[in-house]
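Asks: If you want the building blocks of each chain, they are given just below.
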Amino acid sequence: MSFETQAPHWEWYYIAIYFFIGGVSAGAYFIGSLLELLGSDKHRQISRTAYYLAFPLICVTPVLLIADLGRPERFWHLFFYTKEGIPYMNFTSPLSVGTWALLVFGGMSLLSFLNNLIIDGRLKSPALEGLFRHVPHKVYAVIGSFFGFFVAGYTGVLLNITARPLWASTDPLIGSLFIASAASTGAAAIALVMAWQKISSRDAIKEVVVFDRVAMVFELALIAAMIVVAGRYSAPLSKGLYGLIFWGGTVVIGILLPLGLYWYGRRPGAAGVSLTALAAVLVLFGGAMLRIAIVQAGQLQ
Amino acid sequence: MAKGMFVDTSICTGCKACQVACKEWNSLPGDPAHFRRVPDRPYRVAFNFTGDSYDNTVKLSATDWRHVRFIEQFNESRSEARWLFSSDSCKHCNDAGCLNACPVKAIVRTDMGNVFVQQDVCIGCKYCIPACPYGVISFSEKTGTVHKCTLCNDRIHNGLGTACAKACPTGSISFGEVADLRKKADARLARLKGLGFEKANIYGYNEAGGLNVFYLFMDRPSVYGQPEAPVVPQQRLMSSTAVTVASAVVVAAAAMISFRERGEKKKEEVKL
Ligand code: SF4
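Line by line, the protein sequences give chains A and B.
Add 570 to a position in the first sequence, counting from 1, and you land on the number used in this note's numbering.
Add 22 to a position in the second sequence, counting from 1, and you land on the number used in this note's numbering.
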């Protein structure tokens, strides 16, 4: 007879998908703000795309989070302790700190979003324009990036800080893995949108792809380390449906295949942009499968 | 002046009076039987009850805050048997994983040391569930919140003991000051060892910062379904955070290098 911990029974279509979308948004935002800070005109295209992606995506996430609550109407208790009427954060709970981080990140990505609308002339409001001229956009880009990393990584730490065998035994690597995946899927989302719009030069996409490749190699290394660290507790990730999703969906379709495609696309004369777009779709698919596999396999009895 | 319970499994008879008393005092409904066909029976069986054991609920749940665990060890011919009983509940850990994990301060420790879920604060995020090293705290679809043993919060704050301890006919469950209970447990352990029960041990002096509800077992804790070395998950919080931050730095550096290098290469090409 062995002891048992209980699974929270989080629904994959809320929590795992939230982990995924939050990661894409944060990854894209980080790339966008980094390029804004490096400040070359050539990268302008990339960072605009990133900012236009980050905010709408992060707007989706609270809906998913709240929908999974047993008492959705009380979601605001996450910020406010009703018994004492004061704002509340629990420093020992990644879920609590992460929710606040999500709020800050959402705010910063909104600022960057509006700023880009104004610069692109899509939002014509003298009052807002005056306001945004006075707020240095690099400041909220830096703050947003910091909290973006937080949003991407805390979800992994949150899983590690439990007593469930798979999640506990993979400690402390899921946070890192989710950050690598966020960077990679964020880059892929940018590349995909840019390829879609056909307005950007192949060069610009190429740079995003180079970074995506680095992120994916890092991700692969972390997956290997995670399997080793977990030892026999990694079993739920290697068999059944979640084994298929993890090894097939994430590792093969989501990482190895796009790495190959990116590699192939480097050669002159290769199909270029459409190949990149295909690879980006696969990376995004792989990122979603990674979250589903880890969140759900950890909940198997 | 923490209050707690000492569960002496050596004198538990498995009568389940505690389980019933808990349900009654806390108005916890019984689970109706759910029937379903199983492979080798011609009739439908209630799959949410064991049916092949004196242990009826098998585990704790949102409506089973106490569970008398039956450890039934029989040999093939059923000529030899060992039967162990242990009444299980929330341990009211001094370093409680559930309380550490709660993002809304729904789970609090009262002045009597018990860990209590404030039903009007809980949002049903369910994060405390995997954070409990004992798999105690459970979600109820009905209320949308989590539930577990309260150490009879209402009773103990009105000068009574817990309902289960009150109902226990053999004195296997005793309620009181943790310090007093420990003295009692030590004396009982010494006596059992003197009688030749070498494997007898006390579970809960050091686990999870000390358990306010602790046990005397006649065999290893794992035999009774308790983890031998429970880890309060939040003890790993610092190291886990540090590694994640380091990875974020690696990713940021990688991004800087890949975008910078490219930019410079391009410039060189232009010069040429
Ligand atoms: S046994 Fe579980 S539910 Fe009870 S106090 Fe400890 S962590 Fe919380």
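Keep in mind that the hints are not guaranteed to be accurate.
In silico DSS-like cross-links for lysine-lysine, where the CA-CA straight-line distance does not exceed 27 Å [said to hold, decoys possible]:
(1) B:Lys127 / B:Lys45
(2) A:Lys653 / B:Lys205
(3) A:Lys653 / B:Lys215
(4) A:Lys776 / A:Lys694
(5) B:Lys164 / B:Lys45
(6) A:Lys708 / A:Lys809
Bear in mind the hints are in silico, worked out from the structure with no lab data behind them.
Asks: Could you check the structure against the hints above and give me the numbers of any it violates, in ascending order?
Replies: Hints 2, 3, 4 and 6 are the ones this structure does not satisfy, whereas the remaining hints hold.
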